[in-house]
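*Asks:* Now for the letters of each chain:
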Amino acid sequence: MIIVPYVTGYLSEHYADDDFRTLSAYKAKGGFEGLKKALAMEPEEVVEIMKSAGLRGRGGAGFNAGMKWSFMPKDTDRPKVLVCNGDESEPGSFKDRLIMERGPLQILEGILIAAWAVGASKAFIYIRGEYKEPIRCLEAAVKELYGARLCGENVMGKKGFNIDIVVHSGAGAYICGEETGLLESLEGKKGQPRKKPPFPAQFGAFGLPTTVNNIETFAHAPYILDRGVDWFRGFGTEKSPGTTLYGVSGHVERPGLFELPLGTPLREVIGHAGGVRGGRRLKGVIPGGMSMPILTPNDIDVPMADEFLSERGTHLGTGGVMVMDETTCMVRVACVVSYFFRDESCGQCTQCREGTGWINKICERIEQGRGTQQDMKLLEDVPAMMEGQTICAFADAAAWPIQGLMRHFRDDFEAHIREHKCPYPESFEL
Amino acid sequence: MIDRNATIDGMQVSIHADETVLEAATRVGVTIPTLCKGRDLSPEGGCRLCLVEVEGTSRPQAACHTKLADGMVIRTATDRIESLRRDILDLTLSAHPDQTFDASSPQTEFEELLAQYDLHRSSYPDRAMPATLDQTHPYLRYDPSRCILCRRCIDACESIQGQFVFSIESRGIQSSLCYGDDDSFLDSGCVACGACVDRCPTAAITDIDRIARVKSDRVTRTTCGYCGVGCQIDVRSRDGRITEIGGAKDAVVNRGHLCAKGRYAHAYQSADDRLTQPLLRNGEHLEPVSWDEAIDWVSTRILSIGKRWGPDALGVFTSSRSTNEAAYLLQKMFRGIIGTNNIDCCARVCHSSTALALRTVTGTGAASASYEDIELAKCIVIAGANPTEAHPVVGSRIKQAVLDGAKLIVIDPRRIELAEYATCFLPLRPGTNVALFNAMAKLLIESGQVDVRYLEERVDGWSELEKFVEGLSLEQSAQTCGVAPDRIADAAQILGEVGPALFVHGLGLSELTQGTESVMTLCNLGMLTGSIGKPGAGMLPLRGQNNVQGNADMGAMPNLVTGYQSVQDSGVRERVGSIWNATIPTRPGKTIPEMIDAAAAGEIRGLWIQGEDVAQSDPNETHVRSALNNLELLVVQELFLSETAQYADLVLPAAGALEQDGTFTNGERRIQRVRAAVEPPGQARPDWEVARNVACALGAHWTYSCADDVMTEIAAVAPAIFGGVAFDRLGDDGLQWPCPDRTHPGTRRVHESEFIRGRGQLICVEHIASPEHSVDGFPYLLITGRVLEHYNVGTMTRRTPNRTLRAEDTLEIHVRDAAREGIVDGSRVDIESQWGSTNVVAQVSQRVQPGHVFLSFHFPETHTNRLTGPQRDAKSNCPEYKVTAVRLRTPETQSPPA
Ligand SMILES: Cc1cc2nc3c(=O)[nH]c(=O)nc-3n(C[C@H](O)[C@H](O)[C@H](O)COP(=O)(O)O)c2cc1C
Ligand code: SF4
Ligand code: SF4
Ligand code: SF4
Ligand code: FES
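Protein sequences, first through last, are from chains E and S. Numbered per numbering that gives the first Met the number 0, the first sequence spans residues 0 to 429. Numbered per numbering that gives the first Met the number 0, the second sequence spans residues 0 to 897.
Here chain S stands alone, though its shape is the one from the complex:
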């Protein structure tokens, strides 16, 4: 074979398939100046700065979009080329007023090029006047005077975020960057991901918080404290204040990308109303006390309640926002020192059904797949999740995968953004997933589109399921879910033909009376198509909060101690007990809803609530508030005086995600480092430290001096899944559990060769309607959920300019229903369920189906959870947030008939 190669500046260069001259030059260390080609973007080809000479052609060629071919002789920096480049830069500069750019102290890529070519002023006379700044957006600013029309932002917005915000208006010298049909950044479809900002070579698009150009003196790599995607961030700070946050470029989770929350919404960190000292109740008031006093007081109260009413009169909710180390120590304190298993975390009210279902049928209650499977997937099924809003960075990866050709099936009552990209969209009635998934299973089985080998080798229950689906009627199922039978057939056909598939699912499956069954029947589809454990396929539940996965992993569950080990297993109790030097109680404790009921009934007398605003976030708000009122002792660890904290006897000021050390575990089981970027304000302290100090006051001899020490113990307590985890191994991208020993690289995909539980289990279960499905006099079904701009109860995001992006919760209602009810966009409506009522602003929309309404729960004044009721999944105890029967009243319908 003849060696094929080319020459660049006299160097022999081998030919790689499809490589451009620019890429080859970069590979061999030759730098070719570029303007319109961004590092991770495709060539635009317009700036012409990368022109090089190719022997044998009279015209110079653009290195960024010319493929290197055999025998090419390339010169990248001849006098002619260099003077050409200077001319091009001069022409580029000629379109801008003087002093727009500063080549003497270059701050941007473009200015660096100007400096390199010693261009301080354009040689063209009579140049343009500055154009008007667009400062409408709370985070982003566009300065047309600085725009050189390189179009990188257009490509970034399309190919990274998938938002298609920008285009070029007009042509020739009239060309200008515009936001499609919209007039301003604020009105545009921008979701404030910042991808364009990071790639703009002139700082024409900038972050508002970066304009002041405060030089940061510190960069801290850590994990974002918002959703469960677990993006890696670089936090810049100066004098203990955060100056800016950027995506870590090399991170496997997010590759430099972030969302509006992670990148921009950090103002809460320095909000005026942060809690800075412990507050102790004195009658009506909460009064500042010292930490010593606080710890002394709380340990005495705990001991006395324990002594008087027994340890099970106490309970704890650990925080999904806090670190693994904090969750681990709190559950250890309650189990090992106080002696109760009354330990739970907010996973109860979100993904407990998911975890239970996955554990039952596969053997582990977490994602089988990783985010990297998104790009490998040929078929993606999204069920009961709205990733582009609730998990934006994963959402944009899914969107890109679909734009690249993956098939997408969206199963959701609402026309979520990704429904617009779907090959097949099934807008089902909320709470009818089981009927739908069973129907799809029937179609797959009956058309023979199942992975026979996979089923035979790896799965139990196939013949039972075959028999079970025989008895189902497609028409009847279709009727139940409100989706046409041929739509269901289309979806099944795509799944059958294109699968294995990646199943991305969320709370729309879990938070139902049939939550566990919803996920189990989805797993049926995963197994029938041979998807679980395969590359580009499997189960990928999207975890809501930054460390909700970790809280469950750490044992913040009433029946499971660290690493999903059952408290009912005497071996476990003995082994863990000997490490702890304590006795672990045998009887499983209560879940969050049970603890709240028990508090209302006076059975639980003392609760420790770490960073969770149950008074706003938990269903049946009125009931929750009366339970809190009934407690003898309520300790709340918080950033702010939340709705819940107002009921507290002792409020402990907590350090936020950006202020402490430890680890978070994301939705793909990746344990990642959290590092303090700034000091907590005042006397606020990391949660794990507080747990340690209270434990010591209760008589324990805990000697952990840093989060690292805690992780060492976690690895020893749960060696099967964390044995190999240690801070020194976590590096930049962490480790995915299971990771049993120090040589283990972590696990990208679980159940690869066999299921953790041995064989996978197919489940036969019928759809059972929720009691909320047909309540006389309450004709609408309410779905609750989140929106892009805010995060859960909004404690953090409401204290940031995200408020400008969205100032209130709104009730989405279908145009037809709105017309019937006499509701106009923006008007106020009373909404009422059997459990409570509230008054909200209506948003007339086509995103919801007729008969359904949607309401988010980010603002306390909305009182969304006064509407949600006591219904729960019997298996997981997960509340039903996703289906509530409601009725609507407008001022007109209220007025008495004339």
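One chain only, chain E, in its complex shape:
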């Protein structure tokens, strides 16, 4: 993978350096200072610091990480578990992969800090099976940590601070990224989200109290502990502090990952990728991975942080920015999107199982010029009955992008129905 220019921030500062993956180089760049400081504090203090830092989870939902850590039960003698979510299956997202390949020790240090903070004695890093290289990098890094007694028993000489880290290769399904689907898969079962409550903090991996965080979320933690809340809040916005790795793909000149503070305007993010390819006009942008509703050129100056995006009916998600130029047929986009969700629904919930099927069927029909006005109505009704009513948020993720496309690009759909064919040239690619 080509390492795309580090722009501004801290996470990817040393990603160009191959050695950064080794313990000595990582330490030389200040690695494990954060953990050292954390271990000098009471666990509760670490949680408080994380809370006030306001680090939002980078797995898509943007929940305050410190807050999540504070949900772990305190007065229990059951072992506690951390799970690091490296499933990264959201189309348009590829940031976690870069972090795993270039900064595995950042993730591991973050996990150790979290383990101290919540009292976990076991951590699982669940990585999607196709990510062979990331798995290799993390396995190597974990091995090095054990060698240096930075994990295992009495970590960093701290009596009683015991934490085992296991790298687990996933078995390949988008739904295994949903945290409870992941837990089932980790336990060796079919990846199917669990009914909540109980939430993982009460009943998680193997029934034990569990915290699940994204790869990137963990990777930020060492910097917060080492450099302080104020420093961290110096990046990004009030509600979304810190940087993130925006992954820009689609119709741009130089697709890639760019570390920028949260809240960087969309125009600037796309600008770092060289702008829309071939000088064409922008048609739409999916701002945060395929499950997020689309933006239009009118939104080009929106600050890329969740609080601003949600005002425009979408979310930051995983920060995977998918750019589409004027040649794009939005019905074909709908086909691609709905095909993905149709294939990936776990199938437990009626609306999601049948709804994703119908949405895809209808989109294909419209794209092939066989659509009717009844189909347009179904494309409005079906997503509406999927949203917010199912066991997990997958159904929302499947409904939202269709709702966004219907809201902003209804004309494209109508044109297909009117002309009984797709008005765009065949050469389209997403």
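Honestly, the hints are just simulated from the structure, not real lab data. Just so you know, these numbers come straight off a predicted model, no measurement behind them. Hints may contain errors.
Output of the computed footprint for chain S on chain E, the stretches with three or more beta carbons under 8 angstroms from beta carbons of chain S [what the hints assert, rightly or not]: (1) 78–84; (2) 329–343; (3) 372–386.
Non-contacting residues of chain S with respect to chain E, defined by C-beta distances greater than 12 angstroms in every case (computed) [unchecked claim]: (4) GLU43; (5) ALA61; (6) ALA76; (7) SER93; (8) ALA94; (9) ALA127; (10) ARG220; (11) SER269; (12) LEU375; (13) ALA418; (14) GLN448; (15) GLU469; (16) ASP648; (17) ALA696.
Note that CB positions come from ideal geometry on N, CA and C, so glycine has one too.
For chain E, the structure is supplied; the task is to place chain S with the ligands on it using the hints.
*Replies:* Just chain S with the ligands, lined up with the frame of chain E:
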């Protein structure tokens, strides 16, 4: 304290711990539609039909898996919610071809919902094509076109039967129900319990016999006529024919659950070869006669044999399949009118050792515990029993208890299904139980893991046992039973730490030369761990046939009259004799094996055999057949012309379990009603009526007009245990004896505060090898027993589609032995013991240990009991079915060396 409550549709509802919104709503009478949540199943959460509005949350919540919490304000049927539900049903319907479901005359839960929401057609265009039916199974059918993927069947199969047959293949709209890795219902691990059928809301899974949808006009609640579990069944019928059988939902014994036999195997009832009229021998042939003729003939013959050879030249075997009332009247007839105690029942050849052992050490020869102790148990010991096959409904309850965390110790030569669930499995050599139980007793005593208080307060013989086990060597015992010493130690440790324990035992203990001792030494463990009489613990022998318990209770024993009263006790003879207006003979009679020997020797000249096929079921078949041949008079009451009936001089057509009134007593001492669901075919008659009529022909003045009258007399004859039993009190779930008076609620657990015999008795007895254990030239030990699909000699099950499920008996042999003997799976082998030989099909398996082979005895052509020999338990007279030395010959080993 502040009252905590919530509101459902404007009603104040109190908060109960752990209650879901759905449960609370149901409690206050609010109905919330559900699809994936079955009445007695845990929530699946997928259908989303039960969504309700909860004030303060923007998203609707699923009532079936949301807990009701303080202050919740819930609305279950707002316009938004109702239209949402309709949309969901519409989406569900959208996955099925038109006309799959019929909302205009709803037959299923799903169709009722469609009707309720007025949904007759899905509004989605271009829908799916029908999928292919799976009709491979003789009883069950799966129609994927009707499956709405609610997953109830998956949960039912897992959480009720414990069979794990189903799973969901693929995901999203590709999802479909599948049988794990298997391709069809028939190939799957399904044991045909029907639990999934009863819970499927769409009839995607159905019983084949129910598809025709013959509307039944009658439902009869009665007791299953197969094994001794005594499940309650609802028998539906129309025009005198059985249409279907289902489990009675509220029954304490089975809670709606049944097995493949009870639920489905009823075709024998209307089989073409049922006996429909009395048949009298005329030379080589049996020829139809009228009942009057038959009764006249038989009473004359009985009287003349009695006069010529004395009453002890006559004897009777009562039937464990028949009712208490029939058994009672037959033994009364033989004792009171004919004047002999030659009365026995097939309990002799199964649990006589168990009954004798329990009686000796505890004071009563029946289970101390009840089935409900299974769920209460923390530790279950299964010894010499294979409940999931022979007592399936109890087997599944045990499995569920273990899945819920109970510890399980399995002691059996074979790797029975429950061994897979065991915390500790001890595959001992057949017939070495005494050595094993003694070793465990030694370990318990020597590690101090005994219930000292219980032993001091309630039990005799502790110090003797302590001294006795001191002299035993663990290594030597381990050697004897072929189990590693540390395995035995593991088992003893679990027992010591987790006990009191529930001891579930079967014929693998009883049918041995040391049968009685096997059970007594097991009782030692029961007493050392303070288990007998405690909740979730005690002794629970699994009785084989539906009414084998009842037959013994009724006095179908040579030494005991009704209610276990000794014929040698003059007080008993006087009291019972005065009720009967008869003289009861003093000398105990002969047991079944003794009667057969006596018949062979010409001492017994006339036998009445009620519903028992001794020519197939009793050991040493050749000997049995020659004994039958030797009789002057053989009367057989039967459903079919059985192997035994072919030797009869008079065959009387009997009514089956589904055709008569009376009671059966199950293995937990529960006396339950049997009610006729249909009329017997032709002139077949209930056994008790025949006994009454013959007795009258013999000169008695018996005036019983119904089974009820007989029970009234039984209560008077044995007041200590049946005094309070009467038909009007039996209701749906019967009464567990002892039940001494009409206000007594029956007895769940015997020996609760003290043993019936006063103090329990620990027994010191050494292991003695069976003569079959080391017979030169016969290197294998044969174990005989039953399989799930069939019942005993198969008279009933072989006449049902269970034959498709299993068409023959097979000889299980370990892979290593098979390889050595040159036996391949499915090939025919000659098997030979000192007593006889037969030829069977081999099934290469890992269920048996090397050196052991297993053979069932369900098919007459197998002649399993040509192999079993004359060995018996000296105390109980129970034959040794479980250990026979055999050798095997294949065509290769027979061919002369080149
Ligand atoms: C359908 C679905 C897929 C998801 N996939 C991922 C994923 O691949 N990686 C990830 O980190 N989080 C994923 N999530 C979010 C997780 O459920 C969870 O919120 C996250 O791992 C928590 O970490 P964070 O709080 O650090 O973001 C997914 C959620 C849903 C509903
Ligand atoms: S919403 Fe979809 S993915 Fe999530 S549990 Fe339901 S069916 Fe599965
Ligand atoms: S009939 Fe019983 S065993 Fe067979 S699939 Fe249904 S629930 Fe499972
Ligand atoms: S077969 Fe019946 S119970 Fe099983 S998933 Fe389908 S509809 Fe539900
Ligand atoms: S009944 Fe609650 S989700 Fe199906």
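*Asks:* Indicate, hint by hint, whether the structure satisfies it.
*Replies:* Outcome of the hint check:
no. : hint    : result
1   : 78–84   : violated (count 0)
2   : 329–343 : holds (count 3)
3   : 372–386 : holds (count 5)
4   : GLU43   : violated, 8 angstroms
5   : ALA61   : violated, 8 angstroms
6   : ALA76   : holds, 16 angstroms
7   : SER93   : violated, 6 angstroms
8   : ALA94   : violated, 6 angstroms
9   : ALA127  : violated, 10 angstroms
10  : ARG220  : holds, 37 angstroms
11  : SER269  : holds, 43 angstroms
12  : LEU375  : holds, 24 angstroms
13  : ALA418  : holds, 23 angstroms
14  : GLN448  : holds, 26 angstroms
15  : GLU469  : holds, 42 angstroms
16  : ASP648  : holds, 65 angstroms
17  : ALA696  : holds, 69 angstroms
Checked against the numbered hints given earlier, this structure breaks hints 1, 4, 5, 7, 8, 9; the rest are met.
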